[in-house]
Amino acid sequence: GESVGLHLPTLSVQEGDNSIINCAYSNSASDYFIWYKQESGKGPQFIIDIRSNMDKRQGQRVTVLLNKTVKHLSLQIAATQPGDSAVYFCAENKESDYKLSFGAGTTVTVRA
Amino acid sequence: DTGVSQNPRHKITKRGQNVTFRCDPISEHNRLYWYRQTLGQGPEFLTYFQNEAQLEKSRLLSDRFSAERPKGSFSTLEIQRTEQGDSAMYLCASGRQANTEAFFGQGTRLTVV
Chain A
81 GESVGLHLPT LSVQEGDNSI INCAYSNSAS DYFIWYKQES GKGPQFIIDI RSNMDKRQGQ
141 RVTVLLNKTV KHLSLQIAAT QPGDSAVYFC AENKESDYKL SFGAGTTVTV RA
Chain B
12 DTGVSQNPRH KITKRGQNVT FRCDPISEHN RLYWYRQTLG QGPEFLTYFQ NEAQLEKSRL
72 LSDRFSAERP KGSFSTLEIQ RTEQGDSAMY LCASGRQANT EAFFGQGTRL TVV
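Line by line, the protein sequences are chains A and B.
Going by my numbering, the first residue of the first sequence is number 81, and it counts up by one from there.
Going by my numbering, the first residue of the second sequence is number 12, and it counts up by one from there.
Only chain A is shown next, with the shape it has when bound in the complex (with noise of 0.2 Å):
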């Protein structure tokens, strides 16, 4: 079936150094992959998406790369700080349907 996983269900980071938050997905006809952060007791924050047809996309200390071959998604996150401490989902979409489909999510714990 369709799914969207991570590789990885925790990383500690140490303060400062980049952060690379891995997904592997099996839905091929996807449009949108989206990540999202959730700190504890919040909701789900979107951070950035990249549509099927880009490989990179760069965001505010962040950079999502997509690799269609191997169906492979990342979030890099530069120069770590504390308050990037949270569970970071990855997440799918096609426009042609109106839900995000969601993996399991991994807990980035940044250390001082």
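Hints may contain errors.
Have a look at the derived ranges for each label pair, beta carbon to beta carbon [stated by the list, open to error]:
{"no.": "1", "chain 1": "A", "residue 1": "ASP97", "chain 2": "B", "residue 2": "LYS82", "range": "41 to 51 Å"}
{"no.": "2", "chain 1": "B", "residue 1": "SER73", "chain 2": "A", "residue 2": "ALA184", "range": "17 to 27 Å"}
{"no.": "3", "chain 1": "B", "residue 1": "GLY96", "chain 2": "A", "residue 2": "ARG191", "range": "28 to 38 Å"}
{"no.": "4", "chain 1": "A", "residue 1": "SER120", "chain 2": "B", "residue 2": "LYS82", "range": "27 to 37 Å"}
{"no.": "5", "chain 1": "A", "residue 1": "ASP97", "chain 2": "B", "residue 2": "GLN28", "range": "46 to 56 Å"}
FYI, nobody ran anything at the bench for these hints, they're computed from the structure.
Since this is a predicted model, take the numbers as computed values, not measurements.
A virtual CB, placed ideally from N, CA and C, is assigned to each residue, including glycine.
Mind docking chain B on chain A? Use the hints.
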């Protein structure tokens, strides 16, 4: 604060009781979604409204669940005859047409005892 408001934030109910949750989306958003999230998992889609029309319902939404968005603004999600397996975080999100960015509320955490 994303601008999407959900009430109540927490609800504890006894098994068999009915509960109703409310979501107030961002005012200019015509899309409204309900998701359910259990501990350690990503949100799972429940249902979607475009304006007042409910366009899709997940198979997760059993007959005990009903959602409404009567005037295309706020929405309610009702669960009848709650079961312990209904315990979860219920998230509401809203968005504009043809835009992948969905803004989530802080959720309603339901505990069925």
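Numbers of unmet hints, in rising order: none
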